[in-house]
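Chains as they are written, first to last, in the working numbering: chain D, 1 to 221; chain R, 1 to 221; chain X, 1 to 58; chain V, 1 to 214; chain U, 1 to 214; chain C, 1 to 245.
Treat the hints with caution; some may be incorrect.
[Claimed, not checked] To list a few chain D residues with every Cβ distance to chain R over 10 Å, as calculated:
#, residue
1, 9
2, 35
3, 38
4, 90
5, 99
6, 123
7, 182
8, 183
[As the list claims (entries may be wrong)] Covered by chain D, per the in silico footprint, the following chain C stretches (three or more residues, Cβ under 8 Å):
#, region
9, 126-138
10, 141-150
[Said to hold, decoys possible] Example chain V residues on the side facing chain U (calculated, C-beta under 7 Å, incomplete):
#, residue
11, 89
12, 90
13, 138
14, 139
Note that these hints are calculated values from the structure, not bench results. Note that the structure is a prediction, hence the values are computed from the model and not measured. Heads up, the beta-carbon is just placed ideally off N, CA and C, and yes, glycines get one too.
The chain contents come next:
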Amino acid sequence: MNAFLAIIGRDLRLATRRGGEAALTLGFFVVAITLFPFGVGPEPELLGRIAAGIIWVTALLAATVSFDRLFRADMEDGTLELLALAPLPLELAVLAKAIAHWLLTGLAVTLLAPVMGLMLNLPEAAYGPLVAGLLLGTPALSLLGGIGAALVLGARRGGALVGLLVLPLFLPVLIFGISAVEATLIGLPLAPHLLILGALLAVALPVGVFGSAAALRLALE
Amino acid sequence: MNAFLAIIGRDLRLATRRGGEAALTLGFFVVAITLFPFGVGPEPELLGRIAAGIIWVTALLAATVSFDRLFRADMEDGTLELLALAPLPLELAVLAKAIAHWLLTGLAVTLLAPVMGLMLNLPEAAYGPLVAGLLLGTPALSLLGGIGAALVLGARRGGALVGLLVLPLFLPVLIFGISAVEATLIGLPLAPHLLILGALLAVALPVGVFGSAAALRLALE
Amino acid sequence: MEAVSTFLDMGGYAATVWPAYGVTAVILVGLLVASLRALSRRKAELAALESQMERPRR
Amino acid sequence: MTAATQPAGLVADHLRCERGGRLLFADLCFAVAPGGALLLTGPNGAGKTSLMRVLSGLLPARAGRILWQGRDTVEEPGPWRRALAWLGHDNAIKPQLSVAENLAFWSRLGASGHSVPEALEETGIGHLADLPAAMLSAGQRRRLALARLALTRGGCWLMDEPTVTLDSASLARLGTMIARHRADGGIAVIASHDALDLPGAQALDLGALDTARA
Amino acid sequence: MTAATQPAGLVADHLRCERGGRLLFADLCFAVAPGGALLLTGPNGAGKTSLMRVLSGLLPARAGRILWQGRDTVEEPGPWRRALAWLGHDNAIKPQLSVAENLAFWSRLGASGHSVPEALEETGIGHLADLPAAMLSAGQRRRLALARLALTRGGCWLMDEPTVTLDSASLARLGTMIARHRADGGIAVIASHDALDLPGAQALDLGALDTARA
Amino acid sequence: MPNFLHSLASPARFQRIANAVLPWVSVLAAVLLGVGIVWGLVFSPPDYQQGDTVRVMYIHVPAAWMATFCYAVMALLSASFLIWKHQLADLAARAASPIGACFTAIALITGALWGKPTWGTWWVWDARLTSVLVLFFLYLGHMALSAAFDDRERGGRAAAILACVGAINLPIIKYSVEWWNTLHQGASVFRMDGPTIDNSMLWPLLLTVLGFNMLFVVLLLVRIKSELLARRIEVLQRARASGRG
Ligand code: HEM
Ligand SMILES: Nc1ncnc2c1ncn2[C@@H]1O[C@H](COP(=O)(O)OP(=O)(O)OP(=O)(O)O)[C@@H](O)[C@H]1O
Ligand SMILES: Nc1ncnc2c1ncn2[C@@H]1O[C@H](COP(=O)(O)OP(=O)(O)OP(=O)(O)O)[C@@H](O)[C@H]1O
Ligand SMILES: [Mg+2]
Ligand SMILES: [Mg+2]
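Use the sequences and the hints to build the structure in full.
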């Protein structure tokens, strides 16, 4: 347990020390979202219609961008060898890193989403389901994204391959996150969508933890 | 000249060797674009209206994602020291790397854009200005993105910071790329917009080359 | 002759049917040819390697 | 020796390792008792690093077993993981953290018998404790990595070329450190090209095995 | 010595270097004539690597000048860049490329007097030419980096701890290689903790300067 | 079972079986495809609604079926490689993935060509089309990953992990996409019920379906043989490269 907390604490400290990776993922999220009004034009009505979609998709992309660093830095400086040889099972070490990743990206993006919603003229009723969906969906992203990041380690390839591997895994999360918003807007109940997101998270937990650990062991051989 | 071509050739070879980074940036581009219909819904009419914007913004993001690796791998294994100490001026080495980056991302994205347009129901008249704009705009992205990638090296930070630094530099390119499409759709002449994009490229060339080289020297101190 | 041209016309849908069959043929034949050529190339490569290895060994 | 006797310490039983399709060693057997040391030598590419990685468990052996205190380390990794301290070619140092912070993290990650300041003193970098690790010179960095092993008490040290970039004073300190560890009942397996003063150590020359080639 | 005589070879004239706010050396002067060698020694953190980076031009000196063949290397970097061959702590090897491809790239990047196969032979890795560099052992990797210097003819070699992870046969080869280079009229500046056999080399102990500390 | 598979999986044995089977399967594939395609193009009637465009069906539908079938084969092979460590299963999974990608591409392209006259557009974000597209991405990722390692065996294992994770994910994608779509679009104009199939269309379809299956077997065997050779070549090259005698 001590080792588990030590990993989370160290990853948070590394990210908040000097410039702060945390602030930076958020920066990417904010800047990418601000690009869209330039891309699709400033009409508030159109922006409002696509706002939830843009926020969700950008959250996915922001998470993807930060995945590559999740394990690569540890791989290159030899820390991963130590984690794999520590008394703590590698699966738990992976879980600790995923939790730190979520705190730094998923949680942060969730907290910022309402602000972005304001900028994009998101309909008022959509704020609740958007935030609830992100809160349940982003931990699944952190877990599943780990698989892609770990698989790519041995491959000596950068972020792009992670994107290709990881985005199909993200699709169901995206679909149900969006459908939660849509359902609320047309007056349907929200609960079933959140339940499905919860179920996806429950699937992502074992798949992500065991899949990433297996891929990491492979990368270290 | 020999050294200049050697750098381009090596970067292309590294990218096409095994798995192919080239194909992978494209993979990110394609997959990211396919996420949008899930986000904003599948109605062809809506998709067609925002198609050009989505393609441009995603092209920017795809370029951003690949920047981080542009110099970082060379920095970490010591190759950058050799480039900085080689008889070839570092500015030319930077230019060679930017050209290789453009061939691998900008050109590839430009060639794929019409296919993505088909999938997003892009209006027929928009294909020409979209491709022409990308063809002129993406080299500027490769040049300007280099500055961000180089600045970030000294900071020991990953992709997120590059995104933050680089995206504002990209704004003018995005704005005139989009306005070229818009102008054509409402029957205005295309040429002035392309001229401005060309002018931006002309500005980006010296700024990108000298800016990146200066930032790289700083990172190596 | 006319039969052939009506056949080629595909009830006005020549632009749909023929490219579909054409692309399929190109992809599948391409894959087959590529696979066979890789096979024979590797056979030759292996033979060359093995004859090279024989001499220093025995 | 055969594994039937199952002594305390570290036993390798008919190990076999292939890398990149090439056989590095086969039927490799040795036993190191508590307090003992094993010095691996051999030319570049002989397989020293590969053997260390096989022993640690990072690289699966193609055949054979590794026993720690009589138990198979693959079937029962727990005791082996707790006993093991690894020093690879890479130092696993985070440049953003200070020297003391780096070491404190490692000490929470594994079992440790010595405190962070003790370990820093033992490798002679106590005065650098508050410096960001980014500012260390190559040799200071290696000493910080060695301090990680100095945290542990007993157990088995696997050290891949520990002497790299060390100055002569640090070499002497390293010798003292290994002697202290062995006196505590610890085991050290060391791959090195430098002549290290290891009284009573066994030597294994991987270059002399008939399978190995330069 | 003063710089007024402006001899051929490499001259350092009252160099001063500070890192992380700490003075490493000041008023450092030396001259190495063609065919000469300079061996930098000193404890970890004395400033050997820093001095090498200052000489190369990667790290600007706080004060003083560096002259190559009588010309200031900062004002006129061209001749110095063409003459210089750098071996840092990192090997600059791309693991995806084969050994020969790595070397061929370097030979196109700088001036070179020897061919790729010659350089590989000189460091004893000719038989590995077609292997992906990812599969090299630590020592083989270092030898590949050394082969980069072996490509050049004449000029000035700056070598930061070239002996790291080398086996004894490779050490002997390194000695021959440096001797050949010096016989060609080349200069070698070498930082090392290992005793290297460099006949007629000057020695500079950075630890003995009054500013340096361990 | 594993023992039986192991004995079957010895490379020499595989070579013998493959060499014996290949000529027959090749002839069968050629005949089935030849007869099926000529029947479909020339002798089967045009559809009363869709006219001659229906002839695309004789390649589109078998290709779409093969696309999913291939992934199932690949995932099973990958799982058995991870569990029992059959080298041959690794080679076979690696050989299957480009074949599957090609069939998927054919299904996508012929579907798009068919969509233009019948739906008036090349592409819609329909549930079925979208899940095929995602399947295509999974194939691409698999191929890219298995090729991205310096060491073939490790690349194979990484790709096997991906194939297994993707197999869990595939039904999730399929159902979530269908759900997503019905929510947004309501009853789509583009229903895939298709024409009630008449015997005159069923027969050629059946023939091309079988033909595609046989072609798959041919391609798979050829590619496995080729992968086996590639592995031996790599071993020999390594031995020579680092051997020096
Ligand atoms: C890019 C576009 C398309 C894709 C990716 C696609 C994909 C598929 C797939 C995966 C199947 C197999 C379903 C199963 O396993 O049961 C299928 C079957 C079929 N498709 Fe398409 N399709 C596309 C366009 C079309 C179009 C435009 C039409 C005609 C209007 C069409 C007509 C059919 C028919 C008739 C079947 C057989 C249905 C059955 O199982 O009875 N498809 N398609
Ligand atoms: N990037 C840096 N920023 C600030 N200070 C640094 C940096 N790198 C090194 N130093 C400091 O400069 C001093 C000299 O370091 P240098 O690397 O030159 O030593 P060295 O003589 O090469 O030692 P070693 O034998 O360990 O390689 C050290 O005290 C170190 O703390
Ligand atoms: N990742 C790898 N994949 C394939 N082969 C490898 C890999 N790493 C090393 N090898 C090969 O295995 C052999 C042994 O390498 P190893 O690193 O164990 O040697 P070593 O004895 O530690 O050498 P050194 O003294 O240079 O560190 C070498 O011939 C090398 O080519
Ligand atoms: Mg080694
Ligand atoms: Mg140094």
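Results for each hint:
1. Every CB of chain R is more than 10 Å from the CB of residue 9 of chain D (nearest about 19 Å), matching its label as outside the interface.
2. With a least beta-carbon separation of about 5 Å from chain R, residue 35 of chain D fails to lie farther than 10 Å from that chain, contradicting its non-interface assignment.
3. Residue 38 of chain D, annotated as away from the interface, has a beta carbon of chain R within 10 Å; the closest lies near 5 Å.
4. Taking the minimum C-beta to C-beta distance to chain R, about 23 Å, the non-interface status of residue 90 of chain D holds against the 10 Å cut.
5. Residue-level check passed: residue 99 of chain D sits 19 Å from the nearest beta carbon of chain R, beyond 10 Å.
6. Distance check on residue 123 of chain D: its Cβ is at least 14 Å (rounded) from any Cβ of chain R, clearing the 10 Å threshold; non-interface status holds.
7. Non-interface status of residue 182 of chain D relative to chain R is broken: a Cβ of that chain comes within 10 Å, the nearest being about 8 Å off.
8. With a least beta-carbon separation of about 13 Å from chain R, residue 183 of chain D lies farther than 10 Å from that chain, consistent with its non-interface assignment.
9. Coverage of a stretch by a chain is defined here by at least three residues with a beta carbon nearer than 8 Å to that chain's beta carbons; for the region 126-138 of chain C and chain D the count is 3, and the condition holds.
10. Counting residues of the region 141-150 of chain C whose beta carbon lies closer than 8 Å to any beta carbon of chain D gives 6, which reaches the threshold of three, so the coverage claim holds.
11. Annotation: residue 89 of chain V was flagged as interfacial toward chain U, and the flag holds, the nearest CB pair being 5 Å apart, inside 7 Å.
12. Because the beta carbon of residue 90 of chain V sits about 10 Å from the nearest beta carbon in chain U, more than 7 Å, this interface hint is broken.
13. Checking residue 138 of chain V against chain U: minimum C-beta separation of about 6 Å stays under 7 Å; hint holds.
14. A cut of 7 Å between beta carbons decides the hint on residue 139 of chain V: the least distance to chain U is about 3 Å, and the hint holds.
In this structure, the hints that do not hold are numbers 2, 3, 7 and 12, in rising order.
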